[in-house]
Each structure stands twice: as C-alpha cells, then as structure tokens.
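> Working from the sequences, and respecting the hints, build out all of it.
From first to last, the protein sequence lines are chains A and B.
For the record, in the first sequence the residue sitting at position 238 is 398 according to this note's numbering, with numbers rising by one throughout.
For the record, in the second sequence the residue sitting at position 102 is 708 according to this note's numbering, with numbers rising by one throughout.
Derived from the structure by calculation, the hints contain no laboratory data.
Remember, predicted model here, so these are calculated numbers, not experimental data.
We treat Cβ as the ideally placed atom computed from N, Cα and C, and that holds for glycine.
Some hints here could point you the wrong way.
[As the list claims (entries may be wrong)] Listed next, the stretches of chain A that the computed footprint assigns to chain B, with coverage defined by at least 3 CB atoms under 8 Å from CB atoms of chain B:
no., region
1, 170-184
2, 328-339
3, 344-353
4, 435-444
The primary structure of each chain is shown beneath.
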Amino acid sequence: MTLMAEPSATGRFGEFGGRFVPETLVPACQELEEAFRDAWADPVFRAELHALLRDYAGRPSILTECKNLGSQLGIRLILKREDLNHTGSHKINNVLGQALLAKRMGKKRIVAETGAGQHGVASATAAALLGLECKVYMGAVDVERQALNVFRMRLLGSEVEAVQSGSRTLKDAVNEAMRDWVATVESTHYCLGSVMGPHPYPWMVREFHRVIGNEAFDQCQNLIGGTPDVVVACVGGGSNAMGIFSGFVDCEGVRLIGVEPAGGAAVGRAVPGVVHGMRSYLMQDEYGQVQEAHSISAGLDYPGIGPEHSYLASIGRAEYPSVTDDEVIAGFQLLARTEGIIPALECAHALAWISREAPNMQGQTVLMNLSGRGDKDVAQMMEILG
Amino acid sequence: MSEAPYGRLEQSFRTKRAAGQKLLVPYITGGLPGWEHALRAAVQAGADAVEIGIPFSDPVMDGPVIQEASQRALDAGANPISILQQARDLDVDVPLAVMLYYNTVHHAGHHRFAEQLVAAGICAAIVPDLPLEESGPWCEAADASGIETVMLAAPTAPDERLPRVCARARGFVYSVGLLGVTGERTSLAATATALAARLKAITDVPVLVGVGVSNAEQAREAVQVADGVVQGASVMRRMLEHGPEAVGEYVAEVRAAIDF
Numbered sequence: 161m162t163l164m165a166e167p168s169a170t171g172r173f174g175e176f177g178g179r180f181v182p183e184t185l186v187p188a189c190q191e192l193e194e195a196f197r198d199a200w201a202d203p204v205f206r207a208e209l210h211a212l213l214r215d216y217a218g219r220p221s222i223l224t225e226c227k228n229l230g231s232q233l234g235i236r237l238i239l240k241r242e243d244l245n246h247t248g249s250h251k252i253n254n255v256l257g258q259a260l261l262a263k264r265m266g267k268k269r270i271v272a273e274t275g276a277g278q279h280g281v282a283s284a285t286a287a288a289l290l291g292l293e294c295k296v297y298m299g300a301v302d303v304e305r306q307a308l309n310v311f312r313m314r315l316l317g318s319e320v321e322a323v324q325s326g327s328r329t330l331k332d333a334v335n336e337a338m339r340d341w342v343a344t345v346e347s348t349h350y351c352l353g354s355v356m357g358p359h360p361y362p363w364m365v366r367e368f369h370r371v372i373g374n375e376a377f378d379q380c381q382n383l384i385g386g387t388p389d390v391v392v393a394c395v396g397g398g399s400n401a402m403g404i405f406s407g408f409v410d411c412e413g414v415r416l417i418g419v420e421p422a423g424g425a426a427v428g429r430a431v432p433g434v435v436h437g438m439r440s441y442l443m444q445d446e447y448g449q450v451q452e453a454h455s456i457s458a459g460l461d462y463p464g465i466g467p468e469h470s471y472l473a474s475i476g477r478a479e480y481p482s483v484t485d486d487e488v489i490a491g492f493q494l495l496a497r498t499e500g501i502i503p504a505l506e507c508a509h510a511l512a513w514i515s516r517e518a519p520n521m522q523g524q525t526v527l528m529n530l531s532g533r534g535d536k537d538v539a540q541m542m543e544i545l546g
Numbered sequence: 607m608s609e610a611p612y613g614r615l616e617q618s619f620r621t622k623r624a625a626g627q628k629l630l631v632p633y634i635t636g637g638l639p640g641w642e643h644a645l646r647a648a649v650q651a652g653a654d655a656v657e658i659g660i661p662f663s664d665p666v667m668d669g670p671v672i673q674e675a676s677q678r679a680l681d682a683g684a685n686p687i688s689i690l691q692q693a694r695d696l697d698v699d700v701p702l703a704v705m706l707y708y709n710t711v712h713h714a715g716h717h718r719f720a721e722q723l724v725a726a727g728i729c730a731a732i733v734p735d736l737p738l739e740e741s742g743p744w745c746e747a748a749d750a751s752g753i754e755t756v757m758l759a760a761p762t763a764p765d766e767r768l769p770r771v772c773a774r775a776r777g778f779v780y781s782v783g784l785l786g787v788t789g790e791r792t793s794l795a796a797t798a799t800a801l802a803a804r805l806k807a808i809t810d811v812p813v814l815v816g817v818g819v820s821n822a823e824q825a826r827e828a829v830q831v832a833d834g835v836v837q838g839a840s841v842m843r844r845m846l847e848h849g850p851e852a853v854g855e856y857v858a859e860v861r862a863a864i865d866f
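Take a look at the structure:
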C-alpha cells in the first residue's frame, strides 16, 4: 500500500480529515481543491514554483552531519537544514506554493494564522514578493513572546492582528483567520500554515513540503549510501514532519518519529475530535470543548494535529512521543554548544527526544528535520536562562 | 416531499405561514446566567421558536457578541448536559432548537446526542460547521430520533447546490444573510434578500434569514422575501448589556415590525 498519496474524494486519510466548514466556505474549498489539482499537474506551475524555491528560498537545503553531538550520544546524527531557507524555516515552501496558487486563482489578498510567527513571516514575505495584500492573525500571548517576528511582518508590509479571544494562542488565531475568510472569501485566499484544516489543505500543504523529503532521501543516498534508521521531526500541526516523512514513509524499517510537546500531545491522548475543519486527534474535555495546549514553543502550542498524522499514528506507521519543556530547554542549549547551531524551540523538541532516546539507538543513523532557526527564541531564552 | 409528516418545528412553521404569519426565532446562549428567564421573556413577547446556543470553545461562525456570551456561559460552568437539563424544565409552548458546533455532537456520539435532545424536549438542531457533504452520520441519527436538522444555505452556494441543501433541510432552511460571521451590521446586506429569494423559488420548506439581521427594521426588510428571521447577536448584545428583561422588549419590537 502506498502511503501519503492522495486522500479519498472526501479528503479522508483513513477515518481522519474531511471538510467540516461552514456552508459559506464549501465552494471556496472545492474551488481550491480544483485549482491545486490543476496547478500541481501543470508543468509550468511546477517550474515556476521550483524556480522560486531555488532562486528565492535557497533550495535545496543542505544536510549537516553533527559529528560532535553524534559521538557524544553514540549515534550518527544528521540535520536537514530547513533553518537555512529564506525567512528561517521550512514554512516558505508552503507559502510560496499557496501564494502562487492564490494569484493563479485571481485572489488579491491572503490571510494567515501564525503561532511562533514563522508562517506569518513567510506569508508576509511571499505577499511582498508577489504583490498580494496580507493580514496575519496571531494570538495576543504569542504577539508578546514573539515581538521580533511581529515587527518583521509589519516591516514586510503585512497587517498583524493580535487575537484576544480564547487562549489567545495559535488555535484562536486559526479561528480568527477562518472568520476573516468567511467574510472575504471572494477576494481572499486563506494561506493555512500547516497540514491541517479542511480538505484540500492537509494534502496540499504536505505536497508543498514534499520537497524536504525528496531532497533528504537523495542526500542520504549520497551521504550514507542508504536511508537513515530513524527520521525525527517536531509536530504542532505537523507540516515539517509531513515534509520529511514523505521521503521515507515507503521505506520499510525506517522509523518515523513526530515529537509533540507534553502540554500539547494530541496523539498521546488518542481522542478524535472535529475542529478547524478536520477530524483528527484533539485535546478536549469530557464535553468536547477544545482544551488549551501549553508549550514553551508558540509554534507547537496547538491542541490538535494534522489528520494524516493521526492516520499514520492509528496504523502504527509513525510514533508520536512527547517531551517536557525542561527537556526542550536542555535540547536547545545542547545543539548550540556542541554544533554551533541555535535551533528554533520547536526543533529543540526533536533534539530533546533524540538525546533522551539515544541510549536505545546506539550506532544508528538519525535524520532530524531542523525546521527553523532559533533567533526568534533568543529573547525568550534569555529570560528563562537568565 | 415524502409522505412522512413534518416534525414539530416544521409543522408549526408551515401552519403559521399558511395563516399569513411571519416567523421569528430569537437565539439565546444556553448556560449564560439568566438565560432561562430571557428565553421565557422571548416566548412571551411572541417568539415562534427559540434557538438555544450550546457554547463551544471555538465558535468559528460567531462574531464578538456571541463569542463573549459563549465564553461567559462556559466560565459560569455551562456544559451541554447542564443546559439540556435546564431546557427540559423550561415548560414553554413553542418548539425549541439547539445551535451547536459539531464537536459537541461528535464527542457525545450521534445517536446518544440525538436521544439527549429528545429527552430534553428539543425538536431541532442547527450545526453551522457541518456542511451537507459531512452531515450524513448526524442526519441519520437525528432522523431516527425525530430531531429536525436545519440546514444552512450560504450566499456563495452555486445554483446546483441549493436544491440539495433544501432537500436535506428539516424544520426550516437557514438562509445565511451575508458573507461573514454572526453580528450586527448597519444595514441588511443585499445578499440577504437575494439568497432568500433564490431559496423561496426552489423550496416549500420555510426559509428564515439569519446572520446580519440586526434590528426590527432589517427584520421587516428580510421578511418581504423570507418566511421569517433568526435574531442572534442583536438579542445577545441586549442581554449582555441590560440583562434578560431587555430580551423580551426587543423581541416584542421585532414582532411588531414583522407583523404587518
């Protein structure tokens, strides 16, 4: 069976996914699905996106072997350097794809949600480049802890709105972006930042990030003459993980690990729910109220997970362990000190898991997606570490 | 139309419409302190049915007023079970519907939830984030329990979609008045009467306009075309600002405006 192919006609991955949106948005989701299917099959669109990824985003991203940390942990550790992309994370892959698609559909404006600000910055960047109007919704809590990225978005010409409702983090930013889209759907494309939301987003966003896995597969062939034993990525909504998993999901014997924050472990609790247009594992109380996630990292502060991750978890193809904030802080410092690379706090989750589990992986090759750089988190870490 | 009799809500609306009356459905957020008082006042002031909102943590179809009402209700400890228990004891003589987000149903289980509604004396359910394509499992359970599922129709729907929405609608068709979330606007959007007219042309299920019908004057404008109106944010703003009594006064004002 081929995994990570197209979802079913109703946008399902197994029993996860779907399109649970207000009636107003159904035609827009259908139009988007059709436009994406058409564009993705069009060599001209693919060439245009490829050129942007190469000449603007700086792809392909390199692999870096961490010899110091690897020997300390007793493993062979390789990083896929998505942190070196323009705007500092993997988010640019998806955003350039969606912005090109928005233009192709004749939309003049995009809206986006953002947690840590990486998707917001990437959206603002693509909007500036391609001449689109852009508004980014960001939870008020995140606006405070990611002031640098807020300023970057404004510098790039985007409007940033601090969302005051609910937990005032990523989930509420998604709600507000959806409310905007309901009102502006005729002129606006919702540039969703992860492999979540209503069909076709989980599929489309995964396809736009597939480039990570494709490159990593080829690069691993060159560097290690085969595939790694373990592929690790952090998971909030799960786009960077989907990207790198896509290159290895069909390689039997390669473990796929998506690391969730302990305070946002949707898969760990394994209760399906429906919010933000999709059926997926979701943190919720006994009445189905969505619970607030708690994580040191704004980008993973999300109570759900992309539906295809729920599917991979349900069939046992991928594992979704969680790590604590303390382990994350240690992982953040570990990579900085041993390799001279400051990771995003999101990626420090993957490092935290690797360093915890290394005793059980002695001699194995571990490929980790370093999906973003840590500059945005330095001010927050200054406060924590003193 | 099948031979099956209509549900209580739809039968009541059809009978009143046949008698030349326009239909008025106020929305009250369940669990908000004073909500039962407000609901009885609305009924006394001439509501033809009442929509009880079951608050949800992530109400994507709702604007600031109903978001705040929902949050206050949740902060006061409201949950679907407590609201349905209170609804059972309301003892009002108009049909009651619930408006809720799909995860509330999904989490409880379709059949179990439909039976909970029946036990609470609720006739109908409105689920704004459950579009036609995803509505199958819920509608099956609701039909089996005799719960009428109100379908929403949006201004963005192409012509071929509307008949399918109407065919699945029980109780009434909720004609979404504008592109946007619930909340008051200074004027009735042109989309409101345009969509209601499109629906009236293809269905004999009662058509009520909701979302963006913001005052008595706009309600009167909407019922020139539609069979009635749903009043949400305009009711809840008054309740949040002035308490339950203000709800009765406002409903009476709208009633007077649409009875012409």
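> Please go over all the hints and tell whether each is borne out by the structure.
Evaluated hints:
With 8 residues having a beta carbon nearer than 8 Å to a beta carbon of chain B, the region 170-184 of chain A meets the requirement of three or more and the stated coverage holds. Counting residues of the region 328-339 of chain A whose CB falls under 8 Å from any CB of chain B gives 5; the rule of at least 3 is met. Under a criterion of three residues with beta carbons nearer than 8 Å to beta carbons of chain B, the stated coverage of the region 344-353 of chain A is upheld, 3 such residues being counted. Counting residues of the region 435-444 of chain A whose beta-carbon sits less than 8 Å from any beta-carbon of chain B gives 6, enough to reach three: the coverage restraint holds.
Violation of the numbered hints given earlier is absent; every hint is satisfied by the structure.
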